[in-house]
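Asker: Listed below are the residues making up each chain.
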Amino acid sequence: MSPALDRRRFLRAAGVSLALPMLESLPATAATKASAKAKAERLVCIGSFLGLHTPALYPKETGADFEVTTLLEPLQQHRADMTVFSGLDHRASNGHNNWPNFLCGKNVGDMTLDQRVAREISHGTRFASLEITAGQNSQPMCFTEGRVPLPMMERPSVLYRKLFATGADRERSEYLIRSGHSALDQVLSEAKSLQSTVSAQDRVKLDEYFASVRDVEKRMERQLNALKQPVPEVDIVMPDYDPVAPNLMLECESLMYDLMALALETDSSRVISLYLGGLGQVFTIDGQTLQAGYHALSHHGNDPDKIRELVMVEIEHMKCLSRFISQLKQKSDAEGRPLLDSTLVLFGTGMGDASRHANSDLPTLVAGGGLKHGRHLAFDKDDPKQADIVLGDLYLTLMHQLGMESDTFSNASKNLDHLLI
Amino acid sequence: MRFSNALHLALVGASLSPVIAAEKIPPTPLNFLSEYCLDCHDADTEKGKINLDLLEIDWTSSQHPKLLEKVHAVLENGEMPPKKKTQPGAEERESMLQWIDASLTKNIAPGGTPLRRLNRTEYVNSINQIFGIGFKLPPSFPPDTRLHGFDNQGEGLVLSPPLLEAYAESAAVIADQLFPPPLPVVEKGIFDIRPTDMAISYSSGKRVGGAMRLGCKSAPMSRSCSWPTKFETKGSGTYKIRVQSTAFNPRDDQPLKLQIRARPLDANDGTRVDTLRLLGEFDVRPGDPQTFEFSADLYRGETLVYYFANAELDSDNEDKDELRALLEKMFMDDKRLLAAWMSVEHNSGLRGGVGWKRVKTQLDRDDLDLAIADPQPEEAKKMADIMVKNPVNYVETIIYQYFEQGPALDIRKTTIEGPFESVEDPATKAQKRRRSEFLGKQGAKSESDWIAAAIEGFLTKAFRRPASPEWVAAYHRLFDDHRASGHDFDAAMHLVIRTALTSPNFLYRDKGEGQLDDFEFASRLSYFLTSGPPDNKLRDAALGGRMSIPKTVLFQADRLLNDGANQNFIRSFTQQWLGLHELISIMPDPKLGRFRDSDRKALEQEAEMFLAEMIRENRPLTDFIAPDFTYTSPDVGSAIYGLKFDKAQKKKGTQMLRVSLDPDSPHGGILGQAGVMMATANGVDTQPVLRGVWVLENVLGDPPPPPPEAVPAITPDTRGAKTIRDLMAAHTSEESCARCHQKIDPLGFVLENFNPIGQWREAYPAPSPKAKAPPIDATGTLPDGTALNDVRDLKSYIVKHIDQFGNCLAEKFFTYGTGRAPNYTEHKQLQAIVDGVLKKDGGTRDLLLGIIGMEAFRAK
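Respectively, the protein sequence lines represent chains A and B.
For the first sequence, the numbering used here assigns the number 94 to the initial residue and increments by one for each residue that follows.
For the second sequence, the numbering used here assigns the number 154 to the initial residue and increments by one for each residue that follows.
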């Protein structure tokens, strides 16, 4: 049984049955300065460490009338809602260590697309952003403004608990907040007695402290109120083990997508990143155990047998992605529109050709979010007219669609608005 | 004794005088100002935003003293009045300077550090010292702001609500390490594990029939082992484990060794097997599966690992001869196999089962040419040689032959039953140890006295001074109230810890007024030299009231300056003074050669080991500029400095060595270290202005004012039509630019011989493959007329004017140590310290100790 199908065991129904209306019940705190012009409200970034075998992905034809390819076949039902991009990259140098520039742009460590977007659109959601990995992650994918790589959640059970905390977890959070009030009372009285012994200059410093304490008290109130809100009840049965062993990666991937769809539906977060690992996992697909680990397959050296097995793995990635897009179509937002209409899904990589560790021509797919879809858009950097179009230009368009007014992203200063918006 | 000089110097220092609020400017200076300055700097024109139209000096404002300092500086170095304007006579100028100097010295008292919040490093070190844990900040923890070049400045270290919230969150995580909430009780269970639920990583195993077959013993778990994918120990305890296994085609009926070990499920799959806890080792024989039953402790979060300990194949042995011998024998025993391997195409695709299939296709050919394997010994050796060069890939393929032919180890069913008895895992043991150390022994004390004693001990450490009875009472009350509201002992202690760790008494240092008291001073000294809170010895000195005795202070400082204790200071100070924290974000242009993380580390270590020696050996300040030694690794030393290393050294390419430098070498010292040159460039090209400003700020202590607004950065002309010197010519032709750039540009150009990673170069990269590489012109003239040909001339110049560098370094040490930039009075005192060190042929350690001995260093 393929892991993707295997996962059906755990999901009782395609949708979720809710104890309460969800998006509608939450206060509309997420309204942001960006949202007035926003056509999309959520961003999902998926990064595949080993990329995709582009000969099996890219259609020969450009535009709308392309013949479906092996890797696009599982996504055929979403054809009208997605775009395939070829020929875009960050003009960065090669090698595994440059992989993390997938969302950074030209330089590894620059604030990533997801974090820039989260900073603008995530006000009021429970989690400004979620960083998740399926498979052990060997490279960072998301960087903060301060160039700090963000850790990723590797266990579905951890993500589940974070999103839909169990009774015990909520009790602990509530306890820590309530008892935290007595802690603040004590430190306030210490600050007051300190205040009487210090200079005018130091009183300014202590004012910072008092102001912070008052603000944290208000934050605690808000958190307590949030905790009083019923937890979104979702009808997903988690397996009694965490699929973190290497060869269960596809199962983990599928489960993570399910949880991501639920996180978006419950408006727990609007920016989610998922990393797809690529180490030595030996997969069993449709009962057939592959002849080499995923990473070894990616170094195929044009061996057709290896490519066949590599593409088998990548088809599974595409099936998982397709199922995720289907879920976003079935689930709806507060206005009753399909979630996908206002959710941008970016599937990409920092690796154009894993066999050669080449970081040019990064295969990229974008679905949903109200963009003009249904085409294969090919770019050629050897064409003087397109020589300066980079992947960051697409990111700028995604940001514009999310209501942001950015003009530059890393080495990109144009955009693809004219093609997509 | 090493600090005798410094002790003497410590006596230098101004006595504090009362500060007057506002003071009328006497007629002579007032006339001077109106005659020579007000043309441009009156209230209307305010050239350069400077208004000198004053009648009195307000010493309580922060503006006026700074303004006067500025006037003093430009008058002294002759920058003002501008050459074109009327100049004051020498005597007139001198008396004006004297008046300003006297007024500033009289009115500006040493001191002025605001309450200093612990920065990230200091916070972590404090936590780990208080609790003896290995706490690390979460990545989301807010960063600190840098001011005056350092991240430990009172004014820069602000507190914001998100930061206080982050402190509160961390405090709960820390308290969990001593007083965690109780774990849920785990029920006993039975878990059956079949080969379909066992992991395969790379080519570590293969499912054959009803078994997981293992064939190699490589050290990384991911290369050799299998483990249950769906079993994770929920509760630490004793488990009964039954493993069914059989040996597949062992040689000469020798038993195969099966090791069962324990791994944390969250461990990196590449972890070495020998670091995992061994639970049992068994001799496995061929034939019917044998059942091995044993009892073992499994800890929460662990699962089993199966390891074939005496397998023949090993891709990870550092000694390649074992693998080579195995392969040669294999090819000597089977000529057909050798011929097949010789006939297959060896590209990167030959890996794993797919690769083995290729070899087998050859093996099965009826027309396989066996003659190519002649002479067999030579060909077998050649093939083995090819294979041992890439053992990981080849073993991943050859292992499939073992999967088919053996010897291989088959794991069948595993049953795990338990937990029968709960056991304390190492994490719990450590937590209980910390808990009992925190609480101390109750002994004959009442519970209340016992708790009070624990609280007192904790607050004394956390607040870095003896806990006052009021504090102890308040925290005791917090504890009692929490218990009274229905929470248990541990929860109440958890709250005590959480509270203290968000208290201003923990988060802030440099409390009080005037001179710091012994405890605050012990903290200042300790955070200065170790980035951490006072250790026991320093605490004892403060408790004993001895931190007011200069001899004790210098003794303690000298102790903390010893290698080991001062590692954090060395690292943090070099990172910030020399800007090495930039290195992590610089990606050198691949055209400059391969640059690895280990190279970056070597550059950081060079600067650190250099400063450590300067302090340890009390080396003269001139060695910062023109030393005859540096530290480097053979890798970096040969690639960047062009140094020669012997074979044994090259073998350990990343190991740091102390190397002597030729007297004529441009490398070495803060004006030649590759780390500094890299940090002042951007990885791709050099920017003379940035380097020039860097030298002014960090070597000569004469920072230029910020650049004017609306001046675009210079874009390198990649076509090579204009040299960078042409592009910068405008700096000297425009008078407003020239004022600063006549200082900046020669310092930047003279460093142009260092490329963006600090290699010496004589020419810029050619703009195109066919074009000529433009030669470097590093020449220039300093404002005082000194001609520079290359960096060696700059070094001689600074060595000649070493007091200027000394003043700059003293200012950096002082700023880093006190959390404030020195004011006018403190500057003069620092200069006196530097002069004293130089006169007595003292060194770097003398300078540091001299600064620590200053009254100003102790001033709040």
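Think of the hints as simulated: they come from the structure by calculation, not from any bench.
Treat the hints with caution; some may be incorrect.
With a straight-line cut-off of 20 Å between C-alpha atoms, the simulated SDA-like cross-links for lysine to any residue are [said to hold, decoys possible]:
1. A:Lys199 x B:Asp838
2. B:Lys981 x B:Pro856
3. B:Lys387 x A:Ala261
4. B:Lys754 x A:Ala261
Which residues of chain A face chain B? A partial, calculated answer using Cβ under 8 Å [unchecked claim]:
5. His189
6. Lys255
7. Val280
FRET-style restraints, in silico, Cβ to Cβ [said to hold, decoys possible]:
8. B:His884 x A:Lys132: 31 to 41 Å
9. B:Pro622 x A:Arg312: 29 to 39 Å
10. B:Glu623 x A:Glu428: 56 to 66 Å
11. B:Gly363 x A:Gly429: 26 to 36 Å
12. B:Glu623 x A:Lys321: 33 to 43 Å
13. B:Asp643 x A:Glu310: 17 to 27 Å
Don't be surprised by glycine CBs; every beta carbon is placed ideally from N, CA and C.
Asker: Taking the numbered hints from earlier one at a time, note which ones the structure violates and give those numbers from smallest to largest.
Answerer: 4, 5, 6, 8, 11
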